[in-house]
Amino acid sequence: MASFPPRVNEKEIVRSRTIGKLLLNLVDHTEVVRDLTFAPDGSLILVSASRDKTLRVWDLKDDGNMMKVLRGHQNWVYSCAFSPDSSMLCSVGATAIYIFAVKWK
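So the sequence shown is residues 1 to 105, counted in the UniProt record's numbering.
For the record, the hints were derived by calculation from the structure and aren't laboratory data. Some hints here could point you the wrong way.
[What the hints assert, rightly or not] Pairwise CB distance ranges, derived in the manner of DEER restraints:
no., residue 1, residue 2, range
1, LYS21, ALA101, 34 to 44 Å
2, SER87, ASP62, 12 to 22 Å
3, LYS68, ILE97, 15 to 25 Å
4, LEU22, ILE97, 32 to 42 Å
5, MET88, GLY20, 32 to 42 Å
6, LEU23, THR95, 29 to 39 Å
[Claimed, not checked] Below, simulated BS3-like cross-link-like pairs (lysine-lysine); rule was C-alpha separation at most 25 Å, straight line:
no., residue 1, residue 2
7, LYS103, LYS68
8, LYS21, LYS53
9, LYS53, LYS68
10, LYS103, LYS53
11, LYS21, LYS61
We put the beta carbon where it would ideally sit given N, CA and C, even for glycine.
The task is simple: from the sequences and hints, build the whole structure.
Okay, structure coming up:
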């Protein structure tokens, strides 16, 4: 019996919803990914938050290459979110909240 939501290999992060074909396989976190967020500016920047205490920034326009690793959390990172204009990124961990000024390029 299928579960809902369907279980997905944590390494297979990006899938095409229309045809279910794996588009990119984003691999670099050493622990479970807890959250994903796209930059709302349409840049196809994706940020992942993980139990490995990092956030990773992926450029989906560049074949999903990892652009940056954001460190600082002393414990798991639970969630991340962009500001509406994509100029700031907020992350929430077990013991801290971080706000990053976003300038990837």
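Return the numbers of the hints above that this structure violates; sort them in rising order.
Structure breaks hint 8 only.
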